[in-house]
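Can you build the whole structure from these sequences, using the hints too?
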Amino acid sequence: MTEPAFPPHIAAALDRLTVPPLPKGFGDRLAARLAAGDLPAESNSIAPPLAPTRRRFGNTGWRRSGRIVTVVAAFGIATATAAASGFFGAPVYVPVVSDALAKAKLVELPQKDFPKPKAKPAVVSKEMVPAKPETELTPNGRQAVRALYQRLRTDPEFRALPRQERLAIARQEIETMLEKGEVTLPELRRALAEHRLLQNPAIRRKIGRELARREMAQRKKAATGAAVEDKAANREQLQQPRIDPAKAEARREAFRQLPPEQQARVRELREQMRTAAPAERRAIRRELLAIVQSASAASPEAQKIAPENEGNGEVVR
Amino acid sequence: MATTAQAIASESDDALMARVAARDADALRLLADRHADIPWRIAYRMLNDAAEAEDVAQDALLRLWQYAERWQAGGPGVAAWLTRVSTNACLDRIRRRRFVGDDAVPERADESPLADEKIEQDDVRGAVATCIEALPDRQRAAIVLTYYEERQNRMAADILAMQIKAFESLLFRARASLRDCVEGKGVGA
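If you read the sequences in order, they're chains A and B.
Going by this note's numbering, the residue at position 130 of the first sequence is 130; the numbering climbs one at a time, nothing skipped.
Going by this note's numbering, the residue at position 178 of the second sequence is 178; the numbering climbs one at a time, nothing skipped.
It is worth saying that the hints were derived from the structure and are not from the lab.
Where is the CB? At the ideal position from N, CA and C, for every residue including glycine.
Over the 12 Å line for every Cβ pair with chain A, so calculated as not near, a few chain B residues:
hint	residue
1	SER10
2	LYS165
3	SER169
Reference listing, derived: stretches of chain A covered by chain B, where coverage requires no fewer than 3 residues with Cβ under 8 Å from a Cβ of chain B:
hint	segment
4	5-11
5	17-31
Sample of chain A residues with no beta-carbon within 10 Å of chain B, all distances over it, derived:
hint	residue
6	GLY61
7	ARG64
8	ALA73
9	ILE77
10	ASN140
11	ALA170
12	GLU210
13	GLU215
14	GLN218
15	THR224
16	ASP230
17	ALA232
18	ARG235
19	ALA250
20	ILE284
Encoded structure:
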């Protein structure tokens, strides 16, 4: 059971709005209008015969304007799509449409139409270059072109020539290289592009800065390597014995020549020297020298036992 | 002769429309006798003016005469067609009133025999008529079609060329406004 549209008291009030019966003579007046041809103006908005649904806004100005805008927009979109898909020739990049078409894999995304830089006078014109497949790349093609430029640039006679003649000679040289197969067309183009880049002062400055940075890094690396080598040499030197082995052997032999009590005393003195203070060391040294001198009469080898200088606590074992 | 008249009177609306298409004025008169009260009621309640309501009703029937040749038998029927046409005609008249204004319309004597009755209408009827007249045009049509003409929402929405949901929303607002107005006038209390 559906809810009533109005509460009963409201419905009762609404029901009071009764409609009187048709006025008397309604039919006669209708017939009279019909006979007189007094018909209402035809209006599809009021009485659509085949499509009974009434248009809300009719054929108003807004509707007409909307139609015009829609048609213009549709035409614009259709034209942009056609241009982007290459209908008028080469595909043109249209910001949204081209991306959508490329995403749908209908066309390849064309290059954006950036303003082309003004063409510089070409060193080699297309007419002069013989037709050759552009797929073969020789490893030294670009270097050959660079070498040619370098050679020509450093040639004083070439530099003295007028510009037109210089260009003609360069063209001739390049043609010869192409005919000989020393350079392929792509390599030549790449070399020319690099050459043009190098003519740019900003790029040249950048290259100079990069080269300087690399040189500095190389120097730093070399310096670090030298320091490491020095350290290794020092370590080797430290590992080497400071005393000549022959001399040490001679000193051992002299020690053996001493009488046993003197040998014991020498051992004792050397042992004391290890831990003695500098002043005590001098006293110990003097005593050792006295022993050596007393023994030198018996054997010259005994002199070799004495320490060479103060503070050198080398022990002969 | 009487038998012929009876036979004509028993014909269906579609058959009568076929006769109207053949320019038979009697057939139109018969259709008017059958259905003229529909545009009359709708127009009377929507416009709250007997003279204008009669004009709308006559125009609707004369349009039937005009469009008879294009009539499609087996369709919704003459009553539905007259409902639609008279509703649209009322909406057009209401909108025209806004631009022209009542002052610009030449005064016209109400020749209908109901003029006296109209003056004597009780307060409730007048208040309800005023409240309905105060509604926006489409809300007014929605109330008349669904409450007084007892059309289904879907059919009323179709007549007003609206989606059913939009129509139901419109009808909801119309009912609320009408209820508030009637209660505000102290009629329903």
